[in-house]
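*Asks:* Please build the complex by placing chain B on the supplied structure of chain A, with the hints as guidance.
Residue numbers (my numbering), protein chains in the order written: chain A, 3 to 626; chain B, 3 to 626.
Honestly, the hints are just simulated from the structure, not real lab data.
Intra- or inter-copy, both count: the list cannot distinguish identical chains.
Each computed DSS-like pair below joins lysine-lysine, with the alpha-carbon atoms no more than 27 Å apart:
id: 1; residue 1: Lys552; residue 2: Lys447
id: 2; residue 1: Lys291; residue 2: Lys136
id: 3; residue 1: Lys104; residue 2: Lys199
id: 4; residue 1: Lys74; residue 2: Lys100
id: 5; residue 1: Lys554; residue 2: Lys470
id: 6; residue 1: Lys187; residue 2: Lys199
Number of protein chains: 2
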Amino acid sequence: PNAAMSPKITVELLRQLRQAMRNTKYIAEPIQAYIVPSGDAHQSENLAPCDCRREFICGFNGSAGTAIVTEKHAAMWTDGRYFLQASQQMDNNWTLMKMGLKETLSQEDWLISVLPENSTVGVDPWIIAADQWKNMSKALAGAGHSLVAVQDNLIDAIWMDRPTRPSTQLLTLGLGFTGLTWQDKMTALRSKMAERKISWFVATALDEIAWLFNLRGSDIEYDPVFFAYAIVGMNTIRLFLDIKRLAVPTVREHLQLDTPSKAELSVQTAPYESVFTELQAVCASLGPKEKVWISDKASCALTQVIPKAHRTLIPYTPLCLAKAVKNATEIQGMKMAHIKDAVALCELFAWLEKEIPKGTVTEISAADKAEELRSQQKDFVGLSFPSISSVGPNGAIIHYKPLPETNRTLSLNEIYLLDSGAQYIDGTTDVTRTMHFGSPSAYEKETFTYVLKGHIAVSAAIFPNGTKGHLLDSFARQALWESGLDYLHGTGHGVGCFLNVHEGPCGISYKTFADEPLEAGMIVSDEPGYYEDGLFGIRIENVVLVVPAKPKYNYRNKGSLTFEPLTLVPIQAKMVNTDLLTQKERDWVNEYHRQCRETIGAELDRQGRKEALDWLIRETQPIA
Amino acid sequence: PNAAMSPKITVELLRQLRQAMRNTKYIAEPIQAYIVPSGDAHQSENLAPCDCRREFICGFNGSAGTAIVTEKHAAMWTDGRYFLQASQQMDNNWTLMKMGLKETLSQEDWLISVLPENSTVGVDPWIIAADQWKNMSKALAGAGHSLVAVQDNLIDAIWMDRPTRPSTQLLTLGLGFTGLTWQDKMTALRSKMAERKISWFVATALDEIAWLFNLRGSDIEYDPVFFAYAIVGMNTIRLFLDIKRLAVPTVREHLQLDTPSKAELSVQTAPYESVFTELQAVCASLGPKEKVWISDKASCALTQVIPKAHRTLIPYTPLCLAKAVKNATEIQGMKMAHIKDAVALCELFAWLEKEIPKGTVTEISAADKAEELRSQQKDFVGLSFPSISSVGPNGAIIHYKPLPETNRTLSLNEIYLLDSGAQYIDGTTDVTRTMHFGSPSAYEKETFTYVLKGHIAVSAAIFPNGTKGHLLDSFARQALWESGLDYLHGTGHGVGCFLNVHEGPCGISYKTFADEPLEAGMIVSDEPGYYEDGLFGIRIENVVLVVPAKPKYNYRNKGSLTFEPLTLVPIQAKMVNTDLLTQKERDWVNEYHRQCRETIGAELDRQGRKEALDWLIRETQPIA
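Pulled out of the complex, with its shape left as it was, chain A reads as follows (with noise of 0.2 Å):
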């Protein structure tokens, strides 16, 4: 329900593709089979339009699949999310492959079964993860193919209107947003490789390159990244960019590029596309003991340049923990930019009450709303993700978005669910708000109230430092499995500080089992839900800090940690049953309307938006 339904004719596409395969201007022998991964050079969850080959390929536009196509077949893999979908992007030319049923094939599997003895299959080296690679290449070794990497992506080359890579303005954050200077972040970071003995560090991933270097782009829909690698040594630091991005005075200076400073604090900027010679020429002048460091998740290309000798995966790069853990002022950008989002929440509730009964609202027109609202507010830059604003049975699909032929409109009857966000310059937000509008059935107060006690079990938990987000999970299900209820995502992810909506290394899922512990300064979500299909969904979602807590007592001098609600907008009472909830949970309500009203209250009174406050201070009455 989430994107256009009529299939992609790929007829012509796929017989250019098998050509392509073929052709020698690309590969020196013919191909079998070409992979077709879904991802950029960059492990980026979310994608620039010109990296979206395998739904150009296959019409499929959901956010995970693999499409693979062979000279007799084509065949694309993807999650029970997106069956539905995908299948209806698809026209007959490909054989949906779902994974998670028993009687599907691996990719790897249905490989050996098509393909001819002897096969070659090729897949763009940079679109590949390198554990990927070694796992595709050993399974086909093991029955008689082999795996090769085509330099020159075959999608590309017969994607006529293939979008160009965008190169957006680079925007410079001052000390006042990011509590460091680029400098000390580098300073920190060699810290951290002399400690490992760790020569050379190359960062793949776009938002800890904008993270380090203190700069935003808008390459990404929804990510404030740039497209760049930077590979930096004890004395050196390359950054890989589009060079045209570097005729803005205000970025040069913010970099010195122009100014002589210390030898090992001044950036050496290349073309985005010179990483893989530039990465060559550092290994190739490395000292027999000398390491690189280089994310497990970065690209087969990039990672295999590094000789094996001188490699060091890593799940975690250090960047990804330091940028994980917030300092004084980025917290303090959080905490604003969390008030603003309220304000403007707020102000969008009680614009639907008015609106609602006169049956003009539509999920998109809340959405849009929601988004106009926001715009308003300083420093607002755009969402952080799509708005998830669904009504009644459309709630009950976890990654809705609305679209003409789905769109529903709000009404009394029905409970009306928001999960929504945006980007401020000091800060990102998530927050997904459950409301009924008329009277909510005791049925969905009672869910609702279980998914609260979930969220509260979570919120108000206090645990040992070192402890890792995953072993929280079931305290968001606790109340829900009680009467047998439960939900099918993870409780909870990282947060970036005006970067990624979602980020690692912490969360909180019963998957995650790779997660780092809990530190006190990381943020992340805690958003339990309820779903009953066809009828209507419940979240509660807010953004949360991990703070330190102080019990009674310290086992072992280990110290503990809590969490506090970044997010401060009022949680319907008229949806809670509570007669549910524990003297401790009506406190917590009690204790955290008290602080929504203060806090955001004191804003929507210096905005002069009445209405707004008024709506606050009704909506955060203590509940007996």
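*Replies:* Leaving out everything else, chain B in the frame of chain A:
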């Protein structure tokens, strides 16, 4: 504190071992290092005396440790539980390698740092798991060394008075104890094999073989198992064990060795040692697509017999999974065993109450008394693990075992913790109770109550079918965490039915992410604790059965599960601060005690154990 504390003098032994490392009788070329892992050829947790090779060479007799001897050095790796003990048991020929400390080299790195160029490192392939071999081999190869399998164990070669491998009398179990004949189990195993297109299965874990054949032995203290291997094909059953054991008519009849039976259910027996050549013969006759199942924890020696193309390594064998889900007969047997066990413990606690004031009861004599009382119960076989009988500060040592030099007297002033269990022919028990026979302090009561809240939170948890046990671990810690407290061990382990007291594939721990989902019929322990170094230890452990739950709703028809306590021994109300309990928790305690009184009371009455019955009735008064 768990063992004799004078170091073993190893000068002469090390001289002899180094001589053996150069002796062409055992190896073609001298080896420069020899690895002595702890463990037998069956991945056993407990070892027969003949398999305690690491203890023999270095003196350290803890449960975990690996010794490595080079021409000049001898080093032994163990973890934090054993640093003190190992340092006391080893002489200064040995370097203690403290695992878990940053500065401690891994075995691989240490070897690389001390070995001359191009060295050869030897190990007995029967007592190293295939994956450990692989990792070690790879690391050594990377540094120019090689790992070789030494077929004759070099410790055995110098161990003059090495005990022989036990060959105890086998016990045959009838349908009344097992619920399924071994033929039924064989058929079920084969249908799992057929489902996955597997031709052969190699059983190496002793408890799996005992379970499969409905046989028990006593080759290893506490574990009712016997040394054996089994190889099962679709038409073949081969059992490898000491052939002398088959002289007993009941065993011959049980296995139908002298009765003509269907070919596919006729057992071919062969000597224990012949498993290697027999598996070679099986593998030599494999068709091109035939697959052989073996545990990924099986020995390198046996694993490598199976050519890679035919080898399918599995984390949990079908026997391990089938054994974990107890059938109705096994559940009934486990219940009976726990009733008998509770009778013995009620009598013990009543006796302790009388005797402690006299000042004559010690940790050792209390444990002996518990064993004596258990041994009076029907079908008692022995203990299921060494009793942890600990007073005051000894209780804070999690794996404490009283020894004459540490033996403390029970008193009215200190907490007493008893973690003990038994093997009965109908089931295995494991129970911990923590008692105060005088007046506990407010702090002791407070922490005991947090532990009790954790115990109840797990025991009363309702969770969806398919939930893995590790997701319940945090429930056990929530109350402790809220007060800044914690315990540094898992919350529960699988329990066998007249088999090992620790078994896979399920458990409740923050550490085990490789556990299989909980299923109705599985049996685990629920044992949160709290330990105050130098003062006291608290643990409350029940063995609990996974049973279907019937909550109000049934999300996606998944069904729900909960636990039913099998252990029915009162939890000391005197230790509880009832103000800290919720009404639900008080109800749980009262309902639990009602069951104890009803079920154990009836049995105490039947056995005429009047004093224990009086004690039980007093201890199961409802709390307010």
